[in-house]
Amino acid sequence: MTTTTAQRQSVVPNARLTGVGILRSEWTKTRSLRSTVWSFIAAVVLLVGVSALISFATADNWKTMDPGERAGFDATSTSIAGGFLAQLAIGVLGVLLISGEYSTGMIRSTMSAVPRRLPALWGKVVVFTVVTFITMLVSTLLAFAIGQQLLKSTGASVGFGDPQVMRALVGAALYLTVVGLLGMGLGALLRHSAGAISTLVGILLVLPIINAFLPADLQRTIRKFLPGEAGQQVLMVVPNPDALSPWAGFGVFVGYAALVMVVAAFLLKRRDV
Amino acid sequence: MIEVDGLVKRYGAKTAVNNLSFTVKPGIVTGFLGPNGSGKSTTMRLILGLDAPSSGTAMVNGRRYADHRAPLAEVGALLEARSVHTGRSAYNHLLALAQTHGIPSSRVTQVLELVGLQEVARKRAGKFSLGMGQRLGIAAALLGDPATVMLDEPVNGLDPEGILWVRHLLRSLAAEGRTVFVSSHLMSEMALTADHLIVIGRGELIADTSVQDFIDGASRNLVRVRSPRMAELAQLLATTGGVVTTVEGGVDVAGLSAAQIGDAAAANGIAVHELTPLQASLEEAFMDMTRDSVEFHAVDADAPTAGVTS
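Taken in order, these protein sequences are the chains called X and C. Using numbering that gives the first Met the number 0, the first residue of the first sequence is number 0, and each one after it goes up by one. Using numbering that gives the first Met the number 0, the first residue of the second sequence is number 0, and each one after it goes up by one.
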């Protein structure tokens with residue numbers, strides 16, 4: 000039965016589908032799209048640039064701030080405040096890396112090459128996690144260094160060696176990475192760019208607004224478990240008594256992202272592409 | 000080798016593929032023929048596991064496609080033209096697919112040359128014409144030097160030179176001992192390329208036959224006859240076992256060969272002015288075969304309407 004095909008000498012006799020091969024492939028896909036490269040550049044510029052602007056403006060306003068405000072001032076999170084905008088660039092990128100495959104039809108090529116499907120998803124997750132974490136960590140450290148210089152005149156600036164600072168800086172890069180993974184999970188789940196981006200923005204920015212309309216005590220309980228609120232505790236140095244602790248909050252946020260990703264993976268295995 | 004057994008695919012209430020069974024053998028080109036919407040593309044997606052069958056199995060070279068260690072070396076497939084990210088260059092598209100299987104980049108360059116895209120390899124696939132897109136899809140299908148090649152409407156959008164190139168390519172792939180399975184909605188194209196035909200309509204198997212048998216069976220065996228003594232001859236042929244239909248300027252006779260008609264006329268001293276065996280074209284034969292299973296009919300303006308008498 001296979002005699003005819005066995006006689007033919009393959010020109011690629013060592014071809015095997017492997018995990019390493021899938022990682023290489025996903026790296027090629029990531030670096031070979033202009034939109035991906037520009038999204039990373041946008042995230043870096045927003046994080047470093049906007050943070051510097053906010054630090055500059057804060058130093059400028061320092062004299063007008065009352066003692067209460069000064070006491071609650073968090074020099075670390077202020078110097079990396081551009082992360083608030085960078086998270087949108089990274090989140091949208093996470094969505095597009097998957098939903099872009101659906102909208103262009105590329106997903107059929109991907110799933111033909113990796114017919115068990117899940118290894119392709121995990122390959123994307125690993126490559127995106129590594130690339131995002133490294134770029135966001137470097138950007139965060141840079142933003143912090145610039146920001147602390149600008150905040151020096153306030154006398155409230157901090158250094159890398161101060162308590163909790165490194166945790167907050169690494170935490171910021173981790174938070175941004177998980178925002179991207181949440182976007183990626185939503186992209187895989189909804190398979191539609193606009194829908195997934197709207198959902199992501201809704202989760203991060205609209206849920207807190209809706210929550211603000213609830214009765215005060217209920218509002219305070221729910222607030223600490225909102226994805227963005229919980230996740231952002233890990234980049235704060237000055238503790239907030241109403242919020243979860245940094246790592247507990249981050250754990251809750253990772254839990255939400257993981258839940259979305261697991262449901263997406265389950266459906267990816269079952270749905271027709 | 001592709002073995003499809005009792006394959007069924009339902010999308011909600013609609014059955015796209017219904018109890019389909021056939022085998023595609025290596026070493027020949029097998030045409031997969033059917034009108035638009037007859038389930039050809041769905042069947043191919045089921046073979047690749049992109050869609051899950053409602054029931055039945057599709058095996059490639061003895062296993063399910065997903066169970067192979069090097070899927071791209073087993074089946075190379077061209078599905079719809081739109082299976083490429085529009086923002087990525089042809090080279091990077093192929094490289095990303097090759098890397099999953101550890102296929103070297105030299106093979107990417109090789110297939111790009113084979114399909115004639117080396118000049119535009121660094122251009123974004125979104126800028127490609129339909130024909131260039133088809134060539135890129137064929138390059139992707141050949142990347143793993145697969146034992147089975149499965150192409151969905153490969154000549155779509157190609158110019159005459161490209162169509163000729165695909166024909167030669169399919170023939171040479173089959174001559175190398177590969178299984179070649181190629182879909183089309185054009186019988187004439189398949190008659191030129193394929194050795195064997197699998198014909199489906201409305202997701203069901205209509206014919207599984209060699210192209211030669213299909214052509215032989217397709218001739219309707221009508222003979223056009225004209226004679227100055229037409230009425231007399233028609234009478235005679237009807238009594239000798241022919242089925243006679245009057246047409247403009249003569250009659251069409253079914254059930255008798257041209258030789259039998261000529262002999263009968265000669266024996267009765269009737270002059271014959273025309274004696275033409277009529278062969279239905281392949282396209283007509285294909286349309287006859289699939290008439291009942293065509294999804295969308297054009298409305299024939301001259302068709303008699305029920306209830307209207309003239």
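In case anyone wonders, no lab produced these hints; they're calculated from the structure. Errors might be hidden in some of the hints.
To be verified - With beta-carbon atoms standing in for the labels, derived distance ranges:
1) C/R68 / X/F72: 58 to 68 Å
2) C/V7 / X/V262: 41 to 51 Å
3) C/R290 / X/L206: 31 to 41 Å
4) X/V125 / C/S128: 31 to 41 Å
5) C/L163 / X/P12: 24 to 34 Å
6) X/A211 / C/T56: 29 to 39 Å
7) X/V205 / C/E118: 41 to 51 Å
8) C/E112 / X/P12: 46 to 56 Å
9) C/L129 / X/S197: 47 to 57 Å
10) C/L185 / X/L204: 50 to 60 Å
11) X/A211 / C/R68: 51 to 61 Å
12) C/E118 / X/V36: 18 to 28 Å
Idealized CB from N, CA, C, for every residue including glycine.
Results of checking the hints against the structure:
Checked against the hint of 58 to 68 Å, the pair C/R68 and X/F72 passes, with Cβ atoms roughly 60 Å apart. A C-beta distance of roughly 28 Å is found between C/V7 and X/V262, which places it outside the suggested range of 41 to 51 Å. At about 58 Å, the beta-carbon gap between C/R290 and X/L206 misses the expected band of 31 to 41 Å. The hint said 31 to 41 Å for the Cβ distance between X/V125 and C/S128, and at roughly 36 Å that hint holds.
At roughly 31 Å, the beta carbons of C/L163 and X/P12 sit within the given window of 24 to 34 Å. Look at X/A211 against C/T56: about 56 Å separates their beta carbons, and that is not inside 29 to 39 Å. Our hint of 41 to 51 Å for X/V205 and C/E118 holds, since their Cβ atoms are close to 49 Å apart. One distance hint, 46 to 56 Å for the beta-carbon pair C/E112 and X/P12, is violated here, with the actual separation near 20 Å.
The given range of 47 to 57 Å is broken by C/L129 and X/S197, whose C-beta atoms sit roughly 33 Å from each other. Separated by about 54 Å at the C-beta atoms, C/L185 and X/L204 satisfy the suggested range of 50 to 60 Å. X/A211 and C/R68 have their C-beta atoms about 55 Å apart, which keeps the hinted 51 to 61 Å range intact. In this structure, C/E118 and X/V36 meet the distance hint of 18 to 28 Å, their C-beta atoms being roughly 25 Å apart.
Checked against the numbered hints above, the structure violates hints 2, 3, 6, 8 and 9; every other hint is satisfied.
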